Structure formats: C-alpha cells, structure tokens
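Visitor: As a plain string of letters, each chain reads:
2 protein chains.
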Amino acid sequence: MAEMVYDVVGIGNALVDVLAKVGDTFLSERNLDKGNMTLVEAAEAGKIYADVIPERQVSGGSAANTVAGMASLGADCAFIGKVHDDELGQLFQRDIGAAGIDFFTTPLTEGPATGRSVVLVTPDAVRSMFTYLGAARHLTEADIDEKIISEAKMTFIEGYLWDEPAEHQAIVKACELAHKHEKEVAFSVSDISCVIKHRENMLSLIKEHVNILFANEEELLSLFATDDLNTALNEVKPLVNIAAVTRDSRGSVVVHGREKIFVEAEPIENVVDSTGAGDLYAAGFLYGLNRGRSLGTCATIGGITAAEIITHYGARPEVSLRGLVRHRLMEYGKRP
Amino acid sequence: MAEMVYDVVGIGNALVDVLAKVGDTFLSERNLDKGNMTLVEAAEAGKIYADVIPERQVSGGSAANTVAGMASLGADCAFIGKVHDDELGQLFQRDIGAAGIDFFTTPLTEGPATGRSVVLVTPDAVRSMFTYLGAARHLTEADIDEKIISEAKMTFIEGYLWDEPAEHQAIVKACELAHKHEKEVAFSVSDISCVIKHRENMLSLIKEHVNILFANEEELLSLFATDDLNTALNEVKPLVNIAAVTRDSRGSVVVHGREKIFVEAEPIENVVDSTGAGDLYAAGFLYGLNRGRSLGTCATIGGITAAEIITHYGARPEVSLRGLVRHRLMEYGKRP
Chain A
21 MAEMVYDVVG
31 IGNALVDVLA
41 KVGDTFLSER
51 NLDKGNMTLV
61 EAAEAGKIYA
71 DVIPERQVSG
81 GSAANTVAGM
91 ASLGADCAFI
101 GKVHDDELGQ
111 LFQRDIGAAG
121 IDFFTTPLTE
131 GPATGRSVVL
141 VTPDAVRSMF
151 TYLGAARHLT
161 EADIDEKIIS
171 EAKMTFIEGY
181 LWDEPAEHQA
191 IVKACELAHK
201 HEKEVAFSVS
211 DISCVIKHRE
221 NMLSLIKEHV
231 NILFANEEEL
241 LSLFATDDLN
251 TALNEVKPLV
261 NIAAVTRDSR
271 GSVVVHGREK
281 IFVEAEPIEN
291 VVDSTGAGDL
301 YAAGFLYGLN
311 RGRSLGTCAT
321 IGGITAAEII
331 THYGARPEVS
341 LRGLVRHRLM
351 EYGKRP
Chain B
21 MAEMVYDVVG
31 IGNALVDVLA
41 KVGDTFLSER
51 NLDKGNMTLV
61 EAAEAGKIYA
71 DVIPERQVSG
81 GSAANTVAGM
91 ASLGADCAFI
101 GKVHDDELGQ
111 LFQRDIGAAG
121 IDFFTTPLTE
131 GPATGRSVVL
141 VTPDAVRSMF
151 TYLGAARHLT
161 EADIDEKIIS
171 EAKMTFIEGY
181 LWDEPAEHQA
191 IVKACELAHK
201 HEKEVAFSVS
211 DISCVIKHRE
221 NMLSLIKEHV
231 NILFANEEEL
241 LSLFATDDLN
251 TALNEVKPLV
261 NIAAVTRDSR
271 GSVVVHGREK
281 IFVEAEPIEN
291 VVDSTGAGDL
301 YAAGFLYGLN
311 RGRSLGTCAT
321 IGGITAAEII
331 THYGARPEVS
341 LRGLVRHRLM
351 EYGKRP
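Chains A and B, in that order, give the protein sequences. For the first sequence, our numbering assigns the number 356 to the last residue and increments by one with no breaks. For the second sequence, our numbering assigns the number 356 to the last residue and increments by one with no breaks.
Keep in mind that the hints were calculated from the coordinates and are not lab data. The structure displayed is predicted, hence computed values, not measured ones. Please note that a few of the clues may not be correct.
Given that identical chains are not distinguished, each listed pair holds provided it fits within a single copy or across any two copies.
Unchecked claim - List of simulated lysine-lysine pairs, DSS-like, C-alpha gap at most 30 Å:
1) K354 x K227
2) K200 x K354
3) K257 x K354
4) K354 x K173
5) K354 x K193
Given the sequences, and given the hints that come with them, work out the whole structure.
Guide: What follows is the structure, given as structure tokens:
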C-alpha cells in the first residue's frame, strides 16, 4: 500500500474566474442565461469580457476551489487539471501553489489558452457563469497520475468534466484507480445543465463509482426526475454511501444508509456572490469526514465554509477557514 | 470529584409486570382504556388480575427496564426505586441483581405492597397497562443517594414519577444533585396521560433540569400542544441538549442544536408486545451516547434494542443485547 500523503486529490477544470458586477439588464439585453453555467467559445467569452469591468481575476474551477478550501482548513491536497503555459495558466499555478496544494499536471504549450470563467454577479448575488474551457477540456487519461491517486485517501471529481469523451475517460480511469487502491471517490454534480445533458451517464457513474455525492436540491431533483425531495433522497440512498444535498438558506441534508440528517444553514447577513458555495460546502464536509467527525458536524462545517465564501467576491477563502471553523464550532458547543 | 462507577443510575417506579393476553372485548366490556397506562388502586388491580390468566410475571418499571437493557449491553448501572419487602419485592430485587445492577434502596417493611402493572396485550400487540403503584410511590428525597448520583455519568428519570408531591421532590433533588456533580440528566416522558396531567410542571422540569429528553411523537406533540412534528421539534430544540423522539414504524428523530436526524425503524416481522419499546430505545440510545457514538448511531442502536423487546412478551431483553447490537451494526456497515 502506498504511503498516505494527501487527504484529497481534486480533479477538475483548471480555470481562472474573471469576476464582474453587472445589472440584470446586462444579461437580458444579451440574452444571457441567469444563474447557471453556460459554456461558450473563445470568441463569445472575449466579447462578454470586453463589455464588463473585471472586479478581479482569481483562480477558480469547482474541484480546485474545494481543495483550496480544504487546504485552508489544514488538509493536505493535490490537484489534477489542465492549463496552458500562458499568463492565466501561470496565475492558476501560482495561486494553487500558494494555497499549499500539489499541482503537477503538465500544462499545454500549444493549442487553446487557459480556461476562464466570466462570472457576472447581479445585485441579487446570483452568479451567471460563461465559461470558456480552453485548455481545461484537454485533460486526458494520461494526466491521471496513479501515484497521486494511490497516495490520497479520497479522490474528488467535479461534474463539469463531461463534455469531451477523453475527459470522461479520464475521470472513469481516476475512479477505477481510486477503487483499485481502496480509496473513496467523491463526486460533485456541479450544475443543473450537466445533469440535464448527461443524466443517464451521470447516474451510471454515480452507481458504479461514487461513494460520496454532493449536489444541490435542484440538481438532485433533476437527477431523479422528481419534484419531491424525500423521493429523491430515497432514490439516491442505495446508490452511494453518503449523499450531501445543499438547500441554500434551508441548510443541507445528508443521507447515509438509514439516516437522514437535516442541518440548518449558517446565519448570513449579506450574500455578496454565491460563486463557490457548493465547492466550499464540499470542502468543509470532506474535511470533517477526514477528521472522523459525525455527519451532522460535517454538514455544519460545510455550512460554515460555504457561508464564508458567499460573503465576498470569488470562490477562494479570504480568511483562514481553520480558525473560522474552530470558532464557529465552539460557538455551537462542539469540539473544535 | 467522585470516582466514576456507573454509566447510568435509573430512578423510577419499581414494579413487577403481570402480563396477560386478552381480546379487545375484554377491555371494552370493562371500560378499560386501551393503549395507555392507567393508575388503579389495589382493589381494582386485584379485580383485573383475577379475571386474566397471567402469561408471566417479570420485573418491569420504565427506568428499571432501561437500566436492565443498558446492563445487557455491557453498561454499569444502578437503580433507585421503592419496593415492599414482600414476595414481589424480592422478585424485583432478584431480577435486577441478576441483571448486574446495583440496587440499594431500602424496601418498605410496612404499608403498601410492591407495585405491579397488569399489562393486557391485545392481538394487535398494543399494551394497556393498569398499574397499582403501591410501595413505588413512597420513594422520597431520603432515597436519593448523593453518592450514587455523584458516581454515575448520567441520571435517568422516568416521567411516571409525578403523582406524589414527595416523589416529585425526590426527582428534583436527583436532578439538582446530578448537576451539582456536573453530571447529565436524562428524562423520559413515559406516557401521554402524564403529559396531559402535568404539562406545565413537566415543561418546567425539562427546561430547568433535563439535558437529554426521550418521548414518543404523540407525547412530544401533546407537550407542545401542536399536531405538527416539525413545530414540536423546533419548540423542544432550545430546551434540551438532545431530544430523541420515537415514531413507531417510522423510526425516530433526534434533535440536537441545528441538526434533526431522522433514522429509519428496524425491520420487524412480528410485533408481539410493545411493552418497553420506549424504555429499551432509551437504553440503546444512552448506551451509544456513553460510548461516544454519533447521534444517528445512537438512534440506530435504540431502534435495534427496542425491536428486540417488542418481538416477545415482557420488557426485559431475552437475548444478549450486546451481541445483537454488534451483529446488526456490522450488517449496517457500522463499527460494532
């Protein structure tokens, strides 16, 4: 058995988020889909980018945000994802390295540029993402490093990795390697549009490979084509060991065997930008799980870390999550 | 600080259960209340007793059943309760000693006989109890042994102890002593008729003294005068640290701070006699809690021990609960 080096290795799109505040009319005038993630080509991304004043550029990507959150909590993490060796690619590498995360995936030196997500935040704090995947979608089986997978207690995969057959093969390979080394696979559904486009495929992957599933309520309902939460929870129950379902201001619910654990949301005064809420919930939850905490406490930690991320722009934490979580757990009368 | 000797000390009515199977007409002809506990005088108890063929006589009493269940799980327990030094009193002492439970309360040598509960079980497995408390209601403050309370991690009190002012003073003293020694108080609501008769008093005791509350759904709804479970759960939440609410075939729900944990019921083929289901749920739950298990696992263990008790007559386990619980937890993929 390999020596355990990492708590989690994340696999996902290596993206840089370009954040900009816009009014609702900006979206409606351009017929842009509000509240979801829309994949765009380089040209369209460039056009949207040209029309906004970027608030800031920060490294993003769903699974990358999750491992960055876990690293801020004190976990040891690695990341697998594809950038181009260009300016944004170097920004991504610098950020993830500064977060203390091992990132060894060979960057592209030709072909598409580093992927970017133009994140338009309307005054209601809803984020509408227009993502040019670029280099990110060129992740292939060759990038799935068996040594890293075998050295991590858990492999965390984001659901955005579905569009290229080669990417899909890469994540199936990652799952198979994780199981070969008796490690767990966590999977985040990521986005309702992914579910709608890939429902059957996604359900197969979940059934065959996923031990721990993350989804929000809307995604879970869509996955099982129902509008009743309890029905969806009962459907997902036999497929995975743990399913953690986020429910915005209603908190989250965790399904594990015969248990359904409802946990209230963190109180939040002002939601600034909901980008990364799901990613950071997963970070807090998996951190708790790695530390052997109860599922209720895992969901509580996820709620704390998600709450931090949505009170500012960007999906990378602005305070030490470790300190924040300790403080909040003590306030809840829990062991920090 | 006193040396810790006991996991739990139970305080309750020391009763012997006289079990008999009857048809529904037996109850209706005699105008006997079905499904609950009715207090009767010595004469009426004798009259019901004379009309039935006792299946068997076994030691009972709600808190006594709970500590007997915990002892069968391997916990160290003591019991405080009042018998008369008569034949049934000696039966009670023999049974509780054989279960490995310390029982030092001085028996009455004059006055009322040892309490007994005529438990009539109808073919639908519902138990209707007609209880002559006798000596049991003569428990007073003098019987609350500070040394035993100080030596137990937790004091468990049954809700049946309400009818005599002296009994009520005794349980308040037990609560105060437990808190004085920084120990927890667990309280079981026991019976809907107790709630109806003593709602305000019971709510005060819960607010002031109880850390861990056991109730079934009907009792909880009655306690907060509502017919909505979620409302009742939100009402009980700020009053106690943990509330565990049993829901028959729908399992149980545990409220703890911001968490509500719903756990499915154990599958049961044939319910023979529901006597002691709540008592044994509390036994399994508290055993898990004492062992530092998650609240979901505590509720699971409670479900397992409750399920054992209702598949046979009587409220004392017929198998080693320790072995049963280990086996079932492993089947659920949990650490035994």
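Visitor: Does each hint fit the structure? Answer for all of them.
Guide: How the hints compare with the structure:
1. K354 x K227: between (34 Å within a copy, 21 Å between copies)
2. K200 x K354: between (36 Å within a copy, 22 Å between copies)
3. K257 x K354: For K257 and K354, the Cα distance is within 30 Å both inside one copy (27 Å) and across copies (16 Å).
4. K354 x K173: Close inside one copy (25 Å) and across copies (19 Å); limit 30 Å.
5. K354 x K193: between (39 Å within a copy, 29 Å between copies)
Violated hints are absent here; each numbered hint is respected by the structure.
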